[in-house]
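A.B. asks: The lines below spell out each chain.
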Amino acid sequence: MEKKLLEKIPLPNNDILSRVENGKAVIFDDAAGEPYLLNETGTVIWQLCNEKLSVKEIAKETDKQFDGDFATIEKEVICFIENLAEKKIISLT
Amino acid sequence: MKTLVFNIHGIIVKLTSDNPSVLDEVKDEIREFETSSSEMPEIYVNFISDTKSIGHKGIIEKPEKITDTVYSFVNLKKLCGTVTTTKDYSHNEAVLITLSLIGYLVRFRLAVLKDVTAMHSASFALGNDGILVSGHSGAGKTTVSCSFIENNFDYLSDEETLVEKKNGNLSLLSFPRNLRLGKEFIKSVEGKRIQKNYSIKKHEAFYEKGWILNPREIRHNCIADNRTLSLCIILKNSEKHKELRVNPLKDISALYRIISLSEMLSSKEEDEKVYSQIQGNNRKAFEIANFLFDTVPLYEIEYNIKRHLSKLPGTVKKLLEETDGKETIRKDTSSQQ
Numbered sequence: 001m002e003k004k005l006l007e008k009i010p011l012p013n014n015d016i017l018s019r020v021e022n023g024k025a026v027i028f029d030d031a032a033g034e035p036y037l038l039n040e041t042g043t044v045i046w047q048l049c050n051e052k053l054s055v056k057e058i059a060k061e062t063d064k065q066f067d068g069d070f071a072t073i074e075k076e077v078i079c080f081i082e083n084l085a086e087k088k089i090i091s092l093t
Numbered sequence: 001m002k003t004l005v006f007n008i009h010g011i012i013v014k015l016t017s018d019n020p021s022v023l024d025e026v027k028d029e030i031r032e033f034e035t036s037s038s039e040m041p042e043i044y045v046n047f048i049s050d051t052k053s054i055g056h057k058g059i060i061e062k063p064e065k066i067t068d069t070v071y072s073f074v075n076l077k078k079l080c081g082t083v084t085t086t087k088d089y090s091h092n093e094a095v096l097i098t099l100s101l102i103g104y105l106v107r108f109r110l111a112v113l114k115d116v117t118a119m120h121s122a123s124f125a126l127g128n129d130g131i132l133v134s135g136h137s138g139a140g141k142t143t144v145s146c147s148f149i150e151n152n153f154d155y156l157s158d159e160e161t162l163v164e165k166k167n168g169n170l171s172l173l174s175f176p177r178n179l180r181l182g183k184e185f186i187k188s189v190e191g192k193r194i195q196k197n198y199s200i201k202k203h204e205a206f207y208e209k210g211w212i213l214n215p216r217e218i219r220h221n222c223i224a225d226n227r228t229l230s231l232c233i234i235l236k237n238s239e240k241h242k243e244l245r246v247n248p249l250k251d252i253s254a255l256y257r258i259i260s261l262s263e264m265l266s267s268k269e270e271d272e273k274v275y276s277q278i279q280g281n282n283r284k285a286f287e288i289a290n291f292l293f294d295t296v297p298l299y300e301i302e303y304n305i306k307r308h309l310s311k312l313p314g315t316v317k318k319l320l321e322e323t324d325g326k327e328t329i330r331k332d333t334s335s336q337q
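Read top to bottom, the protein sequences are chains A and B.
My numbering puts the last residue of the first sequence at 93; the count rises by one with no breaks.
My numbering puts the last residue of the second sequence at 337; the count rises by one with no breaks.
Bound-form chain B, shown alone (with noise of 0.2 Å):
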């Protein structure tokens, strides 16, 4: 069994494995947080591919199926989890799902400790400004990501954003994973341009072939670090608009919207004071989206992908001097419970 020790944003994080190559995949995915800390870890996370899963102290409980061929179970009282096999598993999907499982039980005791919440966004920085960048699925987020990065934006995350809320500012924690991207998108021009440019590695994963692309491919030193959360857009990416449309959100769906992309548990969980622990994060995840609707420029960008995308970095960056040191103090509140 070989092990490694992650510290991500004051959580010590010990993951232990059989298989070295999920644990070396896992380490390059989330390099910047390796420690040799000997710090007590917070969280456990074991990923066992023979079928005779052990959990953190021993016990076996009964794990969740995630694929044909992966299993996980989680155990958010004790902070541990586990990922195990069956024979002949993905060996893509088991990095993924120990990647997640990982992010997973970070948020949670993240949120628990301070005021945190994750959106499910990508996010970058442009200097001292952090952009948040929101969307359902199909609206681009990984796509324009290769674009931000291109165009000196540097790289925060991809799939989920920790937002935290402290001493009167929003900031964006850095969760820097590979970029996966969709069998459709290498088959746009874009995607084409990016398969020629840059080394991507094959990647199947939930019934879905993709590739995965280093960010570090494209700019060398383009991982950010924590930054200072300056504006939050909402990608609308669809073949019938016909021109690149920028719209303030003013309007109180915006929030609506913001809290909808803000992971959240459902605290069915028995145990007291985990049920407790998960109202109390929810709570601050709509505290922090109220925040957040409240004090940071807030635009929806209508797009057509394909025709749209270049444009993108440009309209962010004018976006950004747009706003620059504008207050912005949001409608009137007329009440809140």
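In isolation and in its complexed conformation, chain A is listed as follows (with noise of 0.2 Å):
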């Protein structure tokens, strides 16, 4: 199961607004009306959802961004983007 979602590419909804600010970021859902607020490592993961990079290309690049192991990193951004998805707020190709 998770070796298919690595290959996914997540896809930001068209109900979704967002704006990022000094590492941090606010997601709006305007049809659910609820906002959410990313920390710094939810912010970068939500920022390489842009429509080309899959799971496991979000997975490598957030790693060059933080120390820690790779496996774990990965772990978080599939945990995360599961959330996100989970959430409608991407949609998973």
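This list has only true hints and no planted wrong ones.
Among chain A residues calculated to face chain B with C-beta under 7 Å, some are:
{"id": "1", "residue": "26"}
{"id": "2", "residue": "31"}
{"id": "3", "residue": "33"}
{"id": "4", "residue": "37"}
If you are wondering where the hints come from, they were derived from the structure by calculation, not from laboratory data.
Ideal placement from N, C-alpha and C gives every residue a C-beta, glycine not left out.
Dock the two chains into a complex; use the hints.
C.D. replies: Next comes the structure, spelled out in structure tokens:
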């Protein structure tokens, strides 16, 4: 399951607005009327959800920006992206 | 059946009821908006105290249970709503729910027509300046309302404030309801002082006992008309706060807090037109929150309501003086989608 997810490309949904500032982001789902505040890690991952990179590639890019074990970072990226998908902030194609 | 008509910021609301006392109390709370206009209403609200509830066009729809004795249903497509009751209903709850329903429909309609959103906040005016006072439940918004009015701030709203973006400015639109004071507040030193000095009425709703205070009791001419928003305060009350602290809010987490205070709807509505309207309204709320964050001086006040209440009006006056005329250009907006 995880392997299949790694190949998928996250696409932000049309209903989503966001603002990034000083390493943090506010994401807003205008259909649900729900805001989210992302920390630095979440913001980096969010900005990499640019419709071009797969989850695997996003994990690699994220790893470049933070210290830590790649396997751990990859797991965190997967978990975060699954979370975004569950909240319908992104779709996985 | 008795009828009242209100003009609330350009929206004509017709309120009909079989219960004159509920009607009279609603009228008393939003008397500034009563009108004899013959314009066609956009919004219809009914309060029916028997269980044979009839909606706007004689259609009974599934009511939502608000309390054990009071029900309501809303139709956003038709812009109508009804509050109905079982026997032995709570009069106070009926008044409160009817007022809430009027506010709900008005702000929905205003947001469709204009760049307007509603924020969970109180608001005041000092001269030409409008001040938004936000904070979560327990922050002391209603308590500070009494103090502000006594210190010559005029009163715009208590529980909810309409914020309009127009001509490059944000305005606070008045909706001055009576102040609802909690049981705990009345037990406090400040509460006892209020009880001694003003005429307050017992009130019980949603399993909570409290008191109602008409702000005009504090100062007869305290009700303000709309004002340009000059200052936004977020209150943070805690007994742990030994000193009153004023913190400028510049981090984007403050934007998140402002958006969280905005009243949003979730567009689960099946009707396409209403779905689209809700989404549009929510989008406007996000844009207004961003504009507020970018252009209005924004501060958090950490305080202990028992120790620092009397200092708040002076603190806010000082903030207004310090920020008057200064352009607030928010931090680098590195990207906004």
